[in-house]
Every structure is written in structure tokens, then in C-alpha cells.
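Student: If you read the sequences in order, they're chains A and B. Mapping the first sequence onto my numbering, position 48 (from 1) lands on 38, and the numbers just tick up by one. Heads up, my numbering is the position in the second sequence plus 59, with the first residue counted as 1.
Hint data in this document are derived by calculation from the structure and do not stem from the laboratory. Keep in mind that the hints are not guaranteed to be accurate.
Cβ-Cβ distance ranges computed for the label pairs, FRET-style [what the hints assert, rightly or not]:
1) V120(B) x F46(A): 25 to 33 Å
2) R131(A) x R170(B): 28 to 36 Å
3) R73(B) x L132(A): 27 to 35 Å
4) W140(A) x G62(B): 35 to 43 Å
5) T163(B) x L81(A): 46 to 54 Å
6) S76(A) x T139(B): 52 to 60 Å
7) L24(A) x D220(B): 51 to 59 Å
8) D220(B) x L62(A): 50 to 58 Å
Here are a few chain B residues that sit away from chain A, every Cβ distance over 12 Å (derived from the structure) [stated by the list, open to error]:
9) R107
10) T139
11) A171
All residues carry an ideal CB built from backbone N, CA and C; glycine is no exception.
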Amino acid sequence: MNSIGEGLWQAARLVATLNPDLVEITALSLRVSLGATVVASCIGLPLGAWLAVNRFPARRFVIAILNALMGLPPVVVGLIVYVLFSRSGPLGVLGLLFTPTAMVIAQVIIITPIIASVAHQAIRDLWADYHDLLISLQATRLQRIKTLLWDGRRALMTASLAGFGRAIGEVGAIMIVGGNIDHATRVLTTAIALETGKGEFDMALALGFVLIGLAILVNLGLHFISRTERGARW
Amino acid sequence: MSGWVSLSGVTVRRRGRTILGPLDATLNGGGLTILMGPNGAGKTTLLRVLHGLERVNTGDVHWTDPKDADGRSQGFVFQTPVLMRRSVLDCIAYPLLLDGVSRTQAREQARAHAAEVGLTVNLDQAVTFLSGGEKQKMALARALMRRPRILFLDEPCANLDGRSVKEIEEILHRIKAGGTRILMSTHDMGQARRLADDVLFLHAGKLVEQSNGDDFFRSPRTAEAKAYLKGEILL
Ligand SMILES: Nc1ncnc2c1ncn2[C@@H]1O[C@H](COP(=O)(O)OP(=O)(O)O)[C@@H](O)[C@H]1O
Ligand SMILES: [Mg+2]
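Work out the full structure, taking the sequences as your base and the hints as a guide.
Tutor: Now the structure itself:
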């Protein structure tokens, strides 16, 4: 109880004084997670939409794979990326291990299936609603996809947000591929793990509160963007 | 007698059951043709076949004028209006956006069409907020955007109150007067009486009777039509 109060107090102090370490760690957390969300959205959103409107023999198989990938333990993803990018690994020459780029790659693998899956469900429902109309109006395949993506944009934003939420709170994979190196690959979650390990619960809690605050802020921001959008109020 | 569309040997089978046909028919003249029959008779299926929404298992549909065959020159109003997640105005404008018309121009025309069908609500609100009758008018205005040569309506008044029904019927009269052919399904006998120039009576997927409206209601020829007009339940 006392400890939580201390954590809140310290969090407030760290934020108020713009503690340089905190700022650096937070900035990297945002950079890595937002970067991963953008990349994963570029892959996952079109993939989900495409799966929703196209009938092809392997469709069910691809969806099953997607659902299975959603359950991938992040630690295992981290391990695989680590092996791939380690000095003796197939991608070792790139020298990406223990860099933010490696962390982004690991997170992209973790959140792309989530984003694709949420997008798939949303677009599938929308397609069921719109199907007859779009066929009746002879919309081309491209026009159909564009219409569904546009009218489903809120749901798609939710899909990306779900991915971001997963990414910003993820610790297992980025710990392995990033190494939690001070001033290089340390992010909020790995710093929390470190402080907790050291027994510095106040600091760990302070970082935890910053993390929660950040997640809420990003959600509110996106919510606000979609609310103030002009045109139809959806 | 030459018609504008004819069906020959058309059957539609779904899940091992023949839900329409075998059907041979020729639709004549202009005006408003009513598709009548009890629930499950195949009215919706026939409309969808004509509009190219439903694949036929056998037979074919022949359009006399190739211009009529183009789905873009046909409008379709579904029994349940398809609501896009857009404002009323953007919903109505949508077909023109597909045709590459600018959004400003499309919305301008949509406004005109909304007025044409007597849709006097705030057109900038989301379409889901409309009442049943207003939604149906929205769908009608949208179906008219491409100035169709043929308009299909699937029980457009099924869930509407008397006042909305009357308004819709008046609009249909005006559309017909403008030279658009209308093919509309209904199982509302009163409505059929009021509107029909011609009647197609379907039962159990088959075309049972085809005649002009007056003849159909005054002297139906088949036992099924007689029974239906008397209000008996057809199984
Ligand atoms: N996709 C489908 N699969 C199976 N049965 C269908 C399908 N579509 C329609 N039917 C059946 O075909 C029959 C005719 O349907 P419909 O054309 O909707 O009749 P109506 O519009 O006259 O009420 C009904 O018994 C309906 O259940
Ligand atoms: Mg029907």
C-alpha cells in the first residue's frame, strides 16, 4: 500500500522534473512500439481486409495460422529473432541484434497477427452488410476494398490500437533481442523488470505508472482524432 | 408480343432444393409490374436473378435491349435498406462516387434526389438515425442516382406505416411517369391493386399466372391465384 503511494509520488516527481533517464526510456518505448505498430498495420490491415473479402481455397488455413500466431509466446518470438540475428545466425551480418530495430522486428511479428485478426473480423462484418449493395452497384474489386477500409476505419484504428497496446506492454521478446542496454535499448517494460529485480520497487512502480499513463494518452489521442473527424459522425 | 426481358428455362437451386423455376416468362411493356406471391414463393430470388445478383443453375435471361442488361442501368432497392456507415447525403451520393463523379457534384445531385423522394430530414446525420420509412426513401434516392432504365424493388413497404407506404407509392408513380420501368415484389394485396399495371403471380418457385393488373384482380384464372386473392393461406 505504502509502496504504491510512494511509486505514485515518485512517478509524479520524475515526470514533473522531466528526469532525463525517464524521458529517454519513454521516448524509446514510444519509438519502438509506434514503429512496430505502423509496420504491423501496413501488413496486418490489408491482410485482414483481403482475407475478409476474398474466397480462395487456402483462406481457412491462413486464418487458422493467423489465430495460432496470435497465441505465440513473445519470449519464443524473441528467441527466434535472437537466433536469426545473432552473429552466427543467417541474418547476423546485418548486425541488428541489441538494437531498437531488432526490437521493432520482434514486436512486428508479435502484433501483426493481432492487428490482422481484429481487422479481418471487422471488415468481414462490414462486408456482410455491404455485399449486396456493392455488387448491385457493380463496384470494382478495388472500389470495394477502398469502401470497406474507409467505412471501417474506426474498427481498423481499434485493430492498430490493440496492436500498440500489446507492443508497449511487451517485455519478453524485446528483453531478449534488445538486451535492456542502458542508453541504447532500455525501454519502460525492461526498465521495470530491472528495477524490480534490484528491489527498487518505488522506481519500478513509478515507471509502471508512466507506462499506464502513456497507454491511456495514446488511446485518448486516437479516440479524439476519430471523434473530430468531419463528415458522418461514426 | 415482344417483351423487354425474357427468361427461358431458368432454375435456381440452393442446398439441393429448387427455389425458383423452371421458369419461362416474358415481361412486356413499360409501367409497373408487380411480383406477387406468398412468402417463400421466390419473388426475391427472381428479382436478384434479373439484376444479376443470383447465379442461375440452368436457363438464361435475355434482355431485348442490351442497354437494359447493364447492371448500371438498373436500380435495386433491397427489402432491408443497406445502410452505409456514412451520412444520409453520402449514402445517396455513393453510386456516383463509384462512377468517378467528384464528391461535391455527387453530393449536390444527392441533395436533389433526396428532395425528389421527399426526404426532408437533416441529410448530414448518420443514416442509422433515420426512421424505417426515411431509410427506404434514402435507398430509393440512392437507387435513382444513376437514372436507371429499370428499377427493382423488393417489398419496399414491408415494414412501413400507412403514411410512409402512401408516400412511397406516390414516388413510384412519378418515377414510372418519368419513363422508368418498375418491377416490384409485394405480398400486400391492397398495394398490388393500387399499383399494378401487370402482375406476375409466383407460387413455390413457379410462375403460376401472368396478366394485366385489372384482369388478375377481377378474374384470376388459376386456383392458386383465386385462393390467394381470397386470403386463403397457400402452402
Ligand atoms: N441462399 C439460399 N439458400 C437456401 N435457400 C434459399 C436461399 N435463398 C432463398 N432460399 C429459399 O428459397 C425460397 C424462396 O425465397 P425468396 O425468393 O426469398 O422468396 P420470397 O421473396 O418470395 O419470400 C425460400 O423458401 C427461401 O427459404
Ligand atoms: Mg422476399
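Student: Against this structure, judge whether each hint is valid.
Tutor: How the hints compare with the structure:
1. V120(B) x F46(A): 25 to 33 Å: Holds - the Cβ-Cβ distance for V120(B) and F46(A), about 28 Å, lies within 25 to 33 Å.
2. R131(A) x R170(B): 28 to 36 Å: The hint (28 to 36 Å, Cβ to Cβ) holds, given that R131(A) and R170(B) are roughly 30 Å apart.
3. R73(B) x L132(A): 27 to 35 Å: Between R73(B) and L132(A), where Cβ atoms are some 30 Å apart, the hint holds.
4. W140(A) x G62(B): 35 to 43 Å: Holds: the Cβ-Cβ distance is about 41 Å, inside 35 to 43 Å.
5. T163(B) x L81(A): 46 to 54 Å: holds, 51 Å
6. S76(A) x T139(B): 52 to 60 Å: Hint holds: Cβ distance 58 Å, inside 52 to 60 Å.
7. L24(A) x D220(B): 51 to 59 Å: holds, 52 Å
8. D220(B) x L62(A): 50 to 58 Å: holds, 55 Å
9. R107: With a cut-off of 12 Å, R107(B) comes too close to chain A, as the shortest Cβ separation is near 8 Å.
10. T139: Violated: least Cβ distance 9 Å, not greater than 12 Å.
11. A171: holds, 19 Å
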